[in-house]
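K.L.:
Residues per chain are reported as follows:
Protein chains: 2
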Amino acid sequence: MALPIPSPDILVNLPPVEVKENDVCVKMIAAPINPSDINRIEGVYPVRPPVPAVGGYEGVGEVYAVGSKVNGFSPGDWVIPSPPSSGTWQTYVVKEESVWHKIDKACPMEYAATITVNPLTALRMLEDFVVLNSGDSVVQNGATSIVGQCVIQLARLRGISTINLIRDRAGSDEAREQLKALGADEVFSESQLNVKNVKSLLVNLPEPALGFNCVGGNAASLVLKYLREGGTMVTYGGMSKKPITVSTTSFIFKDLALRGFWLQSWLSMGKVKECREMIDYLLGLARDGKLKYETELVPFDEFPVGLDKALGKLGRQPKQVITF
Amino acid sequence: MALPIPSPDILVNLPPVEVKENDVCVKMIAAPINPSDINRIEGVYPVRPPVPAVGGYEGVGEVYAVGSKVNGFSPGDWVIPSPPSSGTWQTYVVKEESVWHKIDKACPMEYAATITVNPLTALRMLEDFVVLNSGDSVVQNGATSIVGQCVIQLARLRGISTINLIRDRAGSDEAREQLKALGADEVFSESQLNVKNVKSLLVNLPEPALGFNCVGGNAASLVLKYLREGGTMVTYGGMSKKPITVSTTSFIFKDLALRGFWLQSWLSMGKVKECREMIDYLLGLARDGKLKYETELVPFDEFPVGLDKALGKLGRQPKQVITF
Numbered sequence: 001m002a003l004p005i006p007s008p009d010i011l012v013n014l015p016p017v018e019v020k021e022n023d024v025c026v027k028m029i030a031a032p033i034n035p036s037d038i039n040r041i042e043g044v045y046p047v048r049p050p051v052p053a054v055g056g057y058e059g060v061g062e063v064y065a066v067g068s069k070v071n072g073f074s075p076g077d078w079v080i081p082s083p084p085s086s087g088t089w090q091t092y093v094v095k096e097e098s099v100w101h102k103i104d105k106a107c108p109m110e111y112a113a114t115i116t117v118n119p120l121t122a123l124r125m126l127e128d129f130v131v132l133n134s135g136d137s138v139v140q141n142g143a144t145s146i147v148g149q150c151v152i153q154l155a156r157l158r159g160i161s162t163i164n165l166i167r168d169r170a171g172s173d174e175a176r177e178q179l180k181a182l183g184a185d186e187v188f189s190e191s192q193l194n195v196k197n198v199k200s201l202l203v204n205l206p207e208p209a210l211g212f213n214c215v216g217g218n219a220a221s222l223v224l225k226y227l228r229e230g231g232t233m234v235t236y237g238g239m240s241k242k243p244i245t246v247s248t249t250s251f252i253f254k255d256l257a258l259r260g261f262w263l264q265s266w267l268s269m270g271k272v273k274e275c276r277e278m279i280d281y282l283l284g285l286a287r288d289g290k291l292k293y294e295t296e297l298v299p300f301d302e303f304p305v306g307l308d309k310a311l312g313k314l315g316r317q318p319k320q321v322i323t324f
Numbered sequence: 001m002a003l004p005i006p007s008p009d010i011l012v013n014l015p016p017v018e019v020k021e022n023d024v025c026v027k028m029i030a031a032p033i034n035p036s037d038i039n040r041i042e043g044v045y046p047v048r049p050p051v052p053a054v055g056g057y058e059g060v061g062e063v064y065a066v067g068s069k070v071n072g073f074s075p076g077d078w079v080i081p082s083p084p085s086s087g088t089w090q091t092y093v094v095k096e097e098s099v100w101h102k103i104d105k106a107c108p109m110e111y112a113a114t115i116t117v118n119p120l121t122a123l124r125m126l127e128d129f130v131v132l133n134s135g136d137s138v139v140q141n142g143a144t145s146i147v148g149q150c151v152i153q154l155a156r157l158r159g160i161s162t163i164n165l166i167r168d169r170a171g172s173d174e175a176r177e178q179l180k181a182l183g184a185d186e187v188f189s190e191s192q193l194n195v196k197n198v199k200s201l202l203v204n205l206p207e208p209a210l211g212f213n214c215v216g217g218n219a220a221s222l223v224l225k226y227l228r229e230g231g232t233m234v235t236y237g238g239m240s241k242k243p244i245t246v247s248t249t250s251f252i253f254k255d256l257a258l259r260g261f262w263l264q265s266w267l268s269m270g271k272v273k274e275c276r277e278m279i280d281y282l283l284g285l286a287r288d289g290k291l292k293y294e295t296e297l298v299p300f301d302e303f304p305v306g307l308d309k310a311l312g313k314l315g316r317q318p319k320q321v322i323t324f
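Chains as they are written, first to last, in this note's numbering: chain B, 1 to 324; chain A, 1 to 324.
It is possible that some hints are incorrect.
Since the list gives no way to pick one copy over another, a pair counts as held whenever it fits inside one copy or between any two copies.
[Unchecked claim] Only pairs whose alpha carbons sit at most 27 Å apart, straight line, appear in this in silico BS3-like list of lysine-lysine:
hint	residue 1	residue 2
1	241	225
2	199	242
3	69	102
4	241	20
5	254	271
6	95	309
7	273	254
8	180	69
9	242	196
10	20	242
11	196	105
12	242	254
Source of the hints: derived by calculation from the structure; they are not laboratory data.
My request is simple: use the sequences and hints to build the entire structure.
P.N.:
Written as structure tokens, this is what we have:
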């Protein structure tokens, strides 16, 4: 198969960088293409690195060389930037020692490359808004996303049921089975919910006090319908590019609360230790097979193909993870 | 002027009621027609008294007779039902002693009749969502409503500035001056806000962390535009009958929170003592001329005229207060 030739605007050679006394030079192993990476490049993200910039915000690499004053790392260690940090789409990354977090090499590299952005979002959203106890439930749309899959599994580990909404499209039966295999309690496509009382479809589950929205439009309205009185919907994405529309009575009589979650904002609070502890927890789950999601490895040379797939140009695709 | 003859469906004679040993019989003096009274009659309110029912939810009356075991009230006392209670649109109301709260007769009766629903809503909304300090600001739409006018005055008493949005219509210049006379810092009509950056209109005020919405539609979007990062909009009405539409980025990047307030829900928490203390505070302000709003007294016989005015059929009108 003839591969598209990478445009010089996409793949460029950068001059060598000096490794200063507190720096660690990391040879990247793998880094994903996340939607937020694309938003940063599009210029629609409120926080952007100064340009020209290297893309990518998370990934895993192997320590290649360390500065003279670095003693926490040795060549061969696996590290991730934590909190995540711009510029992971390059073969070698040089950053200060404090940027890097050493991880257990027993964790599969595709999980190490992708643990910070999506799984951490799922974990924080289950913690930060509503006190959930075993036996409770949550509802979410966009359930096939990596965050959605993580929500299902992390909730299940805590005895929390999930009600999952997916879009109507080719392969939705297969997607339903995949989510059920991960531990989803209920999976509905949007068309199944064209009934007056969506809650009548919940036979054995309590009404959820917490919902997650990464789609907007009608899919957000469906999450709101499922929520119980006093419930909270947290928006963390807008895949449909449609706004969220809410009736006045939802606020007044149903006492719903609508909030938002942005990982970058949470990370900016300087919770480095807490962030790294959560990452170790999540990587431990991935290592033990308790946290799973699908990824597809793409050699760096084929970046444009991975980018097209990440942009959805080739239909639904697993998370694209660039390998170096 | 020929008055419309009250329909027997609206004004009816009820048979005498026995005053039991713990009851207080109150001869009503005045009771307002609030939008929520109309919603209850329309059947669109989630909590409704059993039918047939007498309308009205607040008002002031004079004790006419007391049951044999009542010792907290004497004939001639002024009382209001507190928490408010259905059925104030009648000449005599018989309810248990515990329903009634004795008030200071020095308070003008039109304020005593109307203090519980709208001013209490304004007071609670300033308390329950965001910690406000002197020097802060709040933004609201529907600022000419009684709640809106109370927000302006109660905020000002605490050193909090108000940014007030009003609709474009005949008399909006007059309304602006009225609100400024009450202490409004800024008053904008919606058409004045057809600018890219509404905040550029705020020269000397801090960005508000709290906003109130009783309109919906575009007027709600304008409140959201004024809020600062991390701000909260509280919806307590939907006068335009349009829903609230919010962008995904407002939640994720601006970290806005949307909530609702319903006085009846707050009252149902059994905070009788707290409710009565707040009412005494508000009535004291009204007595001292520190809390003002316009009312129009309507004799009970002319109820249908008052109802038409309350329904907005005759243009903008003061709060209609029925006198008995």
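K.L.:
Each of the hints needs a verdict: does it hold here or not?
P.N.:
Against the structure, the hints come out as follows:
1. 241 with 225: Cα proximity of residue 241 and residue 225: in one copy and across copies (20 Å, 19 Å).
2. 199 with 242: Both: 24 Å inside a chain and 25 Å across chains, each within 27 Å.
3. 69 with 102: Close inside one copy (17 Å), not across copies (77 Å); limit 27 Å.
4. 241 with 20: neither (44 Å within a copy, 63 Å between copies)
5. 254 with 271: between (34 Å within a copy, 20 Å between copies)
6. 95 with 309: neither (29 Å within a copy, 70 Å between copies)
7. 273 with 254: between (38 Å within a copy, 25 Å between copies)
8. 180 with 69: Neither. Shortest intra-copy (50 Å) and inter-copy (65 Å) distances fail the 27 Å Cα cut-off.
9. 242 with 196: Classified as both; 23 Å inside a copy, 21 Å across copies.
10. 20 with 242: For residue 20 and residue 242, the Cα distance exceeds 27 Å both inside one copy (47 Å) and across copies (60 Å).
11. 196 with 105: neither (51 Å within a copy, 52 Å between copies)
12. 242 with 254: both (23 Å within a copy, 17 Å between copies)
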